[in-house]
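Residue numbers (the working numbering), protein chains in the order written: chain A, 10 to 350; chain B, 777 to 1281; chain C, 44 to 366.
Keep in mind the hints are simulated off the structure, nothing from the lab. Zero decoy hints are in this set.
If we take Cβ atoms under 10 Å as the criterion, some of the chain C residues that face chain A in the derived model are:
{"#": "1", "residue": "Leu110"}
{"#": "2", "residue": "Leu170"}
{"#": "3", "residue": "Phe171"}
{"#": "4", "residue": "Arg174"}
{"#": "5", "residue": "Met179"}
{"#": "6", "residue": "Pro283"}
{"#": "7", "residue": "Thr288"}
{"#": "8", "residue": "Leu291"}
{"#": "9", "residue": "Ser336"}
{"#": "10", "residue": "Trp338"}
{"#": "11", "residue": "Leu340"}
{"#": "12", "residue": "Ser342"}
{"#": "13", "residue": "Ser343"}
{"#": "14", "residue": "Leu347"}
Straight-line C-alpha distance at most 16 Å; calculated EDC-like pairs for lysine to aspartate or glutamate:
{"#": "15", "chain 1": "B", "residue 1": "Lys913", "chain 2": "B", "residue 2": "Asp963"}
{"#": "16", "chain 1": "C", "residue 1": "Lys242", "chain 2": "B", "residue 2": "Glu869"}
{"#": "17", "chain 1": "B", "residue 1": "Lys971", "chain 2": "B", "residue 2": "Asp940"}
{"#": "18", "chain 1": "B", "residue 1": "Lys1098", "chain 2": "B", "residue 2": "Asp1112"}
{"#": "19", "chain 1": "A", "residue 1": "Lys87", "chain 2": "B", "residue 2": "Glu1130"}
{"#": "20", "chain 1": "B", "residue 1": "Lys886", "chain 2": "B", "residue 2": "Glu902"}
Nothing here was measured: the structure is a model prediction, and the numbers come from that model. We put the CB at the ideal spot given by N, CA and C, even for glycine.
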Amino acid sequence: MTDTNAKTGRFHGLLQSRAIWPLLALALILIVDGIISPNFYDIRIVEGRLFGNLIDIFYRAVPTAMVALGMAIVIGTKGIDLSVGSIAAISGAIIAWRIQAGDPHGVVLFYAVGAGAICGMWNGGLVAILGIQPIIATLILMVSGRGIGMLINLFYGGTNPSFQSDLLQGLSTGSIAYIPTRLIVFAVLFVVVWLVLRRTALGLFVEATGGNAAASNLAGVNAKLIIFVAYVICGIMAGWAGVILTADTHTSDPVSVALYIELDAILAVVIGGGSLAGGRIYLGMTVIGALVIQALTTSILISGLPPEYNLIIKALVVLFVLVLQSEKARRGLMTKLWGKA
Amino acid sequence: MTSDETQNARVTMRGIRKAYPGVLALDGVDVDIYPGEVHALLGENGAGKSTLIKVLTGALPRDAGDIHLEGRAVHFATTGDAQLAGISTVYQEVNLIPAMSVAQNLTLQKTGGRFGVISWRKARIEAQEKLDRLGMKLDLERAVGSYSVAIQQLVAIARALDEDTRVLVLDEPTASLDATETAALFDVVRALKDKGIAIVFITHFLDQVYEISDRITVLRNGQRVATNMAADVPRQELISMMIGRELGEVEQAFAGRRRDSDGDIVLSAKGVGKKRVLDPFTLDLRAGEAVGLSGLLGSGRTELVKLLYGAIRSDEGTLEMKGGGIAGTNPRASLDAGIVLCPEDRKSEGLVGELSIRENIILSMQAKQGWLAKVSRADQDRIAQEMITALAIATPDAEKQVRQLSGGNQQKVVLARALACAPKIMLLDEPTRGIDVGAHAEILALIRKLCAEGLALLVASSEIDEVVASSDRVAVLRDRRKIGELAGDDITRDNIVTMIAGEDD
Amino acid sequence: MSALLNKKYLPFYATVFVFIAIFLIGGAMYKNFLTTRVLGNILADNSFIIIAAIGATFVILSGGIDLSIGSMIGFVGVSMAVLDSMGWNPLATAVLMLAFGFAFGAFQGWVIDGLDIQPFIITLAGLFLLRGACFMVTINSVPINHEWADLYTDIKIRLPGKGLLRSSAIVMLVSLAIGIFVAHFTRFGTNVYALGGDKESARLMGVNVRRTTVMVYAVAGLYSALAGVVYALYTKSGYPLAGSTLELSAIASVVLGGTLLTGGVGMVAGTLFGGMILGLISTLIIFNGSLNSAWILISSGILLFAFIVLHRFLVGSFDHNRQ
Chain A
10 MTDTNAKTGR FHGLLQSRAI WPLLALALIL IVDGIISPNF YDIRIVEGRL FGNLIDIFYR
70 AVPTAMVALG MAIVIGTKGI DLSVGSIAAI SGAIIAWRIQ AGDPHGVVLF YAVGAGAICG
130 MWNGGLVAIL GIQPIIATLI LMVSGRGIGM LINLFYGGTN PSFQSDLLQG LSTGSIAYIP
190 TRLIVFAVLF VVVWLVLRRT ALGLFVEATG GNAAASNLAG VNAKLIIFVA YVICGIMAGW
250 AGVILTADTH TSDPVSVALY IELDAILAVV IGGGSLAGGR IYLGMTVIGA LVIQALTTSI
310 LISGLPPEYN LIIKALVVLF VLVLQSEKAR RGLMTKLWGK A
Chain B
777 MTSDETQNAR VTMRGIRKAY PGVLALDGVD VDIYPGEVHA LLGENGAGKS TLIKVLTGAL
837 PRDAGDIHLE GRAVHFATTG DAQLAGISTV YQEVNLIPAM SVAQNLTLQK TGGRFGVISW
897 RKARIEAQEK LDRLGMKLDL ERAVGSYSVA IQQLVAIARA LDEDTRVLVL DEPTASLDAT
957 ETAALFDVVR ALKDKGIAIV FITHFLDQVY EISDRITVLR NGQRVATNMA ADVPRQELIS
1017 MMIGRELGEV EQAFAGRRRD SDGDIVLSAK GVGKKRVLDP FTLDLRAGEA VGLSGLLGSG
1077 RTELVKLLYG AIRSDEGTLE MKGGGIAGTN PRASLDAGIV LCPEDRKSEG LVGELSIREN
1137 IILSMQAKQG WLAKVSRADQ DRIAQEMITA LAIATPDAEK QVRQLSGGNQ QKVVLARALA
1197 CAPKIMLLDE PTRGIDVGAH AEILALIRKL CAEGLALLVA SSEIDEVVAS SDRVAVLRDR
1257 RKIGELAGDD ITRDNIVTMI AGEDD
Chain C
44 MSALLNKKYL PFYATVFVFI AIFLIGGAMY KNFLTTRVLG NILADNSFII IAAIGATFVI
104 LSGGIDLSIG SMIGFVGVSM AVLDSMGWNP LATAVLMLAF GFAFGAFQGW VIDGLDIQPF
164 IITLAGLFLL RGACFMVTIN SVPINHEWAD LYTDIKIRLP GKGLLRSSAI VMLVSLAIGI
224 FVAHFTRFGT NVYALGGDKE SARLMGVNVR RTTVMVYAVA GLYSALAGVV YALYTKSGYP
284 LAGSTLELSA IASVVLGGTL LTGGVGMVAG TLFGGMILGL ISTLIIFNGS LNSAWILISS
344 GILLFAFIVL HRFLVGSFDH NRQ
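Bound conformation, chain A alone:
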């Protein structure tokens, strides 16, 4: 009995220590970068805002990190949302459309994020109410969402759906007190999501539902509602990512905006220690996951390798993390190690 306790204790410790690996990975990447490029850590102020590789990693990671936060919650319910890129495209198209229509830009922002929420309700409805598998349910919006964005672009007949907006572009590319505004936006969103999840019981309910929906239901948790809400939050975060990305280029480009962002977001969640089997949400570690992905991309850029190597490295990272996460692989490895010891 004590023997098994000791073993499970050690096992638990190993699980715990897994949370530290993404941080180590990030540190390792940054150290290697420092060796490759001696002035990697330089930070300077240009035109009233901080510049430098480190800032750049944060700056570029923001859209993925935003989507990944929502994705982390959906994955926590044992679901997945493939449509986040399409939602970002819709949100961007709505921005261009409503700004052309002359709406106040604050209201446009509300519309864009609201569109994300509505998309989330659609996904949540399919999953929670109709009981369709998440991967299938969100495929529908993934396929058609970019088409909807293109259609919205047609509403004002423009072939070039670009716009000018001090507010939105300020949010995306501007800076406040030397700090890029989008970092501040992200920080605020992160805190809001964290508060909603951890200062209320929502986080616990999501984790309980993802861990065992039947038991949660019997314990009095409305599992369907929780799943629905998770998709809505994910939609909102994807809407925000659409705002940042669209304002960045001040044009709506539904075909290619946020392409593959769902994959990066899922990867960020997985690197951050979240299991696709659901049951746990690690918001902070998910952000680290997004930073690891961006740091990899940036490192490949500065190392002079063609940027396309990024994909291969990402793939290897996915596989590596998955092997670590796989109970089956870990068990096999452990018996091998212990068998020898």
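Place chains B and C on chain A using the hints.
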């Protein structure tokens, strides 16, 4: 065992032992199965029936013991090996592919020529032969899932039977069949028996045991209690063997301390029922009273408890709370009304294994308060700690994942979660299943204590002595119907067994 | 008779019905639409998607999913082109590429079964890996100049009317026939259906789950590679971004073809019609001229939705009897 016996028996199992982590599932079991007999294997959940079958059919390796098939020692690594040797199994869950046709299901992995090319003309002939063997007529092209479960069950048997099947194992084949369907199945079983096939039949329906079987082996807690000719063992004795333990200290400790049911009625079920689940029943629960729910597996114990909790929606009758009000429309509403449930299956319905002890304990309480009013971390820690202390949950701290606890401690966490809601009515389904003796006694003592504090309790249990020991009143179920209540000095093991057996009416 | 009414064929009939309906609507709207020429063009233009979708049908029937299709098409394309510029014979490269596709798919299947991880995420890694490999081969668009490639494009069969059955369409139809045979007339095919229908039952019924899983992804890899070969020869070039997001079109073709995304139910032949429906829709929208290509995506989304909900309720009724 004489060599004579061994030669006559088609299968002999000697000293079969199988342990899972923390549980000794089979502890030296001996069983012989003869050609042309139906051998019933009886026992409550966890008695070891399924494990014994899995060991026999190669689905599980055994830790110790010998199996002889027609005198030859056999070791099956897979179910396929066992099948080749002539042991065919139909598992409890119908193991067919519902979307595939009858012909495909009958011939999957059993037909096909060079390079695995299948001639469906040939396959259909093979499938038809299998159906003919059971005298069945079905549309070979129809999806198997579109037939009734009874037909599916027969198709599964047809699939399992080969030309050279020596032993046929039927694991709970009648669990979801009605009377006529069962009769049809039994006709087939008798025909197979007449062909000299040895049949192992697992069920929990006693009527069916007497109807079809020649000999009966009863298992309890991984050990064989007895093997008898069906004609020689009366029903009461059989029940007693299955669910009786010897009178223990627990029962004696509480004997004579039964209280009269004079508390207020806090929950009253009037004609509550659901078609095909449980016949309408009437039951009152009183404050400060423990009501036991007794009946065999499949008699509707769990269903009754879930109907009261609203986890199964009833289609008739009403559930009234003290001082008016309706309860039991859904789990959340029941929680609000002060009703809590500790479900039977801890792993699949009770606990969220990935979450910590603390999180599991406060889950229901939090659900009751709503998502906005979060129980503060300090309160969570305090409640969890109180519960750990009060229920003597063996853990270093409250942050340990629940799935890492032993069965008894997991059960205590389920109880703790219910108690944290400060309930008025507590529904316990098999609170002592699969836990060790120490925890068992602790939980029984806890039930008495809660009751004394004015809680209304309903305890469903397959252990008759536990019901006798811990109840002030006992409701008895048989075949998905409540058949009566016992109170006061009438609560004895004999009385309950008689009622379950139903021989006096 | 009852086989005709069999519920599991309902999505297939729905697919054929939708295909014919769209074709007739197109015919009513545009006078040159209802011709073998249009049909031949749709077959040729969509041949590589349909070929890849046939492989995806096997994966989806088995209850899995393969996201690496588009990247495989791209990778095979650039490899064909680059090896062509190095003087290889297209036939030899094609054989090499098919072998590679088979091996790569088998590896994915092996990892999926071995690690017991959702196929979604493993094939996602495959997507990244192969797309990255495309860029390692070349970052330029490389033409294929070998005379055999010209020979290939010259092969065509005249259809009644003015239509032509081009070589790509022929390859597609042949691989479709093989796919149908394998799915419906071999042990492997029935094992795939069994695996997707109920993995645990299949295991108990004696299906070798590991071998079947590995084979399923290997077959999918083979078909994706073939789609890449056809694509490269059809466009006579290789381009590292070719085939991006084609996995989505392939999966959509499979679903529109009446195969349940949960596995176990569907027909390989349906995938042809599913792919053709997508092709018809884009052709119609191009015929129209004034309609934006957004409608291609939106109408596929609407059709997907309709089919998924149809499937959902069919599955619900399958389960009903098992309760």
